[in-house]
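Number of protein chains: 2
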Amino acid sequence: MLGCTWALSAAGPARAQPSFANDITVPAATAPAFTVKRLIGGLNRPWSVAWLPNGDLLITERPGRLLRVAKGLQAKPTTVTGLPQNIAVDGQGGLFDVAVHPHYATNQLVYFSYAEQVPAGSRTVLARAQLNGAALQNVEVVFRMQPALNSSRHYGGRIVFDGNHMVFLTLGDRGQRDSAQHPSQHAGSVIRLHDDGRIPTDNPFVGSSAAPAESFSRGSRNIQGATLHPVTGELWTHEHGPQGGDEINIIHAGKNYGWPTITYGVNYFTGTAIGQGVAKPGLEQPLHVWVPSVAPSGMAFYTGAHFPQWQGNLFVGALRGQALIRLQWQNERAVAEERLLQGQVGRIRDVRQGPDGYLYLITDAADGALLRIEPD
Amino acid sequence: MLGCTWALSAAGPARAQPSFANDITVPAATAPAFTVKRLIGGLNRPWSVAWLPNGDLLITERPGRLLRVAKGLQAKPTTVTGLPQNIAVDGQGGLFDVAVHPHYATNQLVYFSYAEQVPAGSRTVLARAQLNGAALQNVEVVFRMQPALNSSRHYGGRIVFDGNHMVFLTLGDRGQRDSAQHPSQHAGSVIRLHDDGRIPTDNPFVGSSAAPAESFSRGSRNIQGATLHPVTGELWTHEHGPQGGDEINIIHAGKNYGWPTITYGVNYFTGTAIGQGVAKPGLEQPLHVWVPSVAPSGMAFYTGAHFPQWQGNLFVGALRGQALIRLQWQNERAVAEERLLQGQVGRIRDVRQGPDGYLYLITDAADGALLRIEPD
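Those protein sequence lines, which keep their order, are chains A and B.
Mapped onto the working numbering, the consecutive letters of the first sequence carry residue numbers 15 to 390.
Mapped onto the working numbering, the consecutive letters of the second sequence carry residue numbers 15 to 390.
Honestly, I wouldn't trust all of these hints.
Which chain B residues stay away from chain A? Per the calculated CB distances, all over 10 angstroms, these [what the hints assert, rightly or not]:
1. N36
2. G69
3. A119
4. Q144
5. Q151
6. F175
7. R191
8. Q195
9. T246
10. Q290
11. Q325
12. Q356
Per label pair, the in silico range of CB-to-CB distance [to be verified]:
13. Q323/A / Q151/B: 53 to 59 angstroms
14. Q323/A / A380/B: 36 to 42 angstroms
15. A43/A / G326/B: 14 to 20 angstroms
One side of the interface only, derived from the structure: several residues of chain B facing chain A at Cβ under 7 angstroms [stated by the list, open to error]:
16. V40
17. P46
18. K51
19. L66
20. P67
21. N68
22. E352
23. R353
24. G357
These are calculated hints, taken from the structure and not from any lab test.
Backbone N, C-alpha and C define an ideal beta-carbon position, used for all residues, glycine too.
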C-alpha cells in the first residue's frame with residue numbers, strides 16, 4: 015500500500031528519506047480480566063509473605079507474629095513460636111520481612127527482619143533461624159544496624175537473596191535525613207552479606223572510609239520494596255521518598271542514590287525544598303519518579319504463565335496510593351504505567367509472585383488480608 | 015461467595031471491619047488495534063493542523079508556509095498566500111500554530127502564531143486574517159510579545175479558543191529563564207485576549223504590577239501543547255521543561271507555575287540544580303511530571319466514537335521521546351500512562367482530534383507527515 019495520499023516535493027527543499035513509508039498497524043492488546051481472591055483475612059498489619067519449598071506460606075504481622083499456613087490454606091494458620099522477645103512494636107517498627115534461604119530444603123533456614131528494642135532506642139536487624147514445624151530454633155542475629163536511635167520511623171526491612179546466596183537488606187534513614195550520607199552509619203544503605211552475616215570481601219566499601227563495609231549502596235530514604243530482575247539479576251528497589259519523591263532504582267555496587275542531597279520530593283505540609291535540587295553529578299538518578307507520591311511498599315516482577323500480557327511487568331504496591339501499580343519497561347524506561355484496584359483493597363504492603371505463578375498481595379490494615387490475583 | 019478461606023480472630027486483637035469481604039472481579043480491557051495512515055508526506059517541519067468548517071485542512075510548516083488541503087485529501091495541497099514577510103525562520107522560530115475562529119463560517123477568520131523578525135531580534139506574535147480560498151487577506155497582528163530578544167528559542171506558540179471566544183496564546187521564556195518571572199515581560203505567560211486583541215477586563219493582572227495585563231498565568235518555560243478539557247472547559251497545557259522537568263498543568267487565572275524558581279528539571283549536560291527546588295508555597299504544582307523528559311509538543315483529549323476505550327484520555331506528542339503518550343485520568347490524577355508508536359513515526363509535533371473523531375498527528379521532520387489513527 016502506498017503510504018501517502020500526497021507527498022509534497024515540488025515546492026519544498028530537498029527531502030530526507032521518510033521515517034516510514036507505509037501505514038503502521040498496531041495490534042489490539044488485551045488487559046486481562048482477573049479476580050482478586052481474599053484468601054486469608056483478619057491479619058493484623060501483615061507485612062510480608064514467603065513460600066517454603068513444600069508450598070506452605072509464612073506471613074509476618076508487624077506487631078510481632080509469624081504465621082505458617084499449610085499449602086492449600088485448608089487448615090487454620092499456625093502461630094510460629096520462637097521469635098525474639100525484643101521486637102520494638104512502635105510507630106513503623108515491628109516484625110518486617112521474612113525470606114526463605116535458597117537451600118532451605120537442606121538447612122531449614124528462614125531469615126527475618128525486625129526493629130530491635132535496645133536501651134538506646136531501636137534498630138533494624140536481620141536474623142535467621144531454623145524452622146522446625148511451627149517453631150523457630152537457633153535464632154541468630156546476623157546483622158544489626160548501627161547506631162540504634164530513638165526513632166520509630168524508616169526502618170526499611172526488605173530481604174532479598176541473589177543468585178549467589180548473598181543476602182540484601184534494605185534500610186532507611188530512621189527519620190534522620192543526614193544519616194543517609196553519614197560515612198560510619200548504615201542508615202540509607204542497602205546491606206549485602208553472606209548468608210551467615212559475614213561481609214563479602216568484594217563489597218564496594220570494604221577498606222573504604224566512605225561507608226560501612228556491609229553497605230552495598232548509600233543514600234536512600236526508606237526502601238520497602240526490593241526484588242531481583244528476572245533477566246538481568248540486578249537488584250531493583252523502590253524508595254519511599256518524601257512528599258512527591260518516590261523512586262524506582264537499580265542498585266549498583268558502591269553507588270550513592272542521593273538522599274537527602276537530591277530528591278524529587280519536598281517537605282510534608284510546608285512543601286518547602288529539601289537538599290540541593292533533583293540531580294547532582296556523582297549521585298544516581300532514579301529510573302522512575304512518582305509525583306505526586308504513591309507511598310510504595312512491596313514489589314515483584316511478574317514472570318508467571320497465568321497472565322502472558324503481564325510478563326516482565328513490575329508490580330508495586332501503594333500504601334497511601336491504595337493501588338497495585340503495573341509498570342511495563344523497555345530496557346530501563348517505563349513505557350506504560352497502570353493503577354489497578356485503585357481504592358478497592360486499601361493499602362498494599364507487599365506484592366509477591368508465588369511459586370504457582372500467581373501474584374499475591376498483602377494489605378496493610380488492622381484487618382489485613384492475603385489476596386491472590388487469578389485469571390477470570 | 016465467602017471472601018476468605020480463613021479469617022483469623024481468636025488470637026489477634028479486636029478487628030476493624032474488613033475493607034472488602036468478597037472477591038473482586040476486574041473485567042478485561044482491550045487496548046484497541048489501530049492503523050496509522052500516512053495521509054500527507056513531504057511536509058517541511060510541519061507544526062500544526064486545523065480544520066475549516068467545510069472539512070478542509072490547514073497545515074503550517076515552520077519554515078513559513080501555510081497549506082490548504084481539500085477535504086478528502088484527493089487534490090494536491092495548495093500553498094496559501096499572504097503570510098507576513100517578516101517570519102523569523104531560525105532555530106526554533108518560524109510559523110507555528112494555526113487556529114480557526116469559532117465563527118469562521120461568518121467571519122472567515124483564521125489565527126496564526128509565528129516568530130516575528132524585528133530589528134531588536136524576534137518575538138512571538140499572534141495574527142489573524144480572513145481566508146479567501148487560498149489567500150490570506152486583511153492580515154492583522156493582534157498581539158506582540160514584549161520585548162523582542164536576540165534568541166531563537168522557547169517561543170511557545172499554541173493558540174486555543176475557549177467557549178467564550180477568548181483566545182489563549184502560550185509563550186515561553188525565550189531561553190532567558192528569569193524573564194518568566196519578570197513583572198513587565200510576557201515571557202513565560204499564557205496570554206488571554208478578546209478575538210480582536212483587546213485585553214479582557216477580567217484578566218487577572220489588569221491593574222496589577224505583577225504581570226502584564228495580557229497575561230493569564232505566569233512562570234512557564236515553554237508551552238507547546240494546550241487544549242480545553244472536554245468536560246470542565248479548563249485550559250490544560252504541558253510544559254517543555256529542562257532535562258527531566260516536563261509537566262502537565264491546568265492553567266488557572268493569575269497563577270504562577272514557578273519556572274525557574276521551582277522545577278523538576280536540571281541543567282542539560284551538567285545535571286546541576288536549577289532554582290530553589292521542586293516546590294514552594296505560592297507556586298503551582300504540576301498534575302504530572304515526566305522524569306526523564308519526553309519533550310512534549312501538541313496535545314488533545316480524545317472524545318471521538320472510533321475508540322471508546324480512549325474517551326477522556328489525553329494524548330501528548332513527544333519530540334525527543336518519539337512517541338504518542340496516552341494518559342488516563344481520574345479527576346486530576348494520571349492513573350495510566352502508555353507510550354504508543356514508540357520510535358515508529360519519529361518526533362511528534364502536534365496531536366489533534368479531527369472533526370471526524372479521529373486522532374491526527376503531525377511529525378516533526380524535514381520530511382514530516384500528517385498521520386491519522388484509525389481503528390483496525
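Those earlier numbered hints the structure runs against, lowest number first: Those not satisfied are hints 1, 10, 12, 19, 20, 21, 24.
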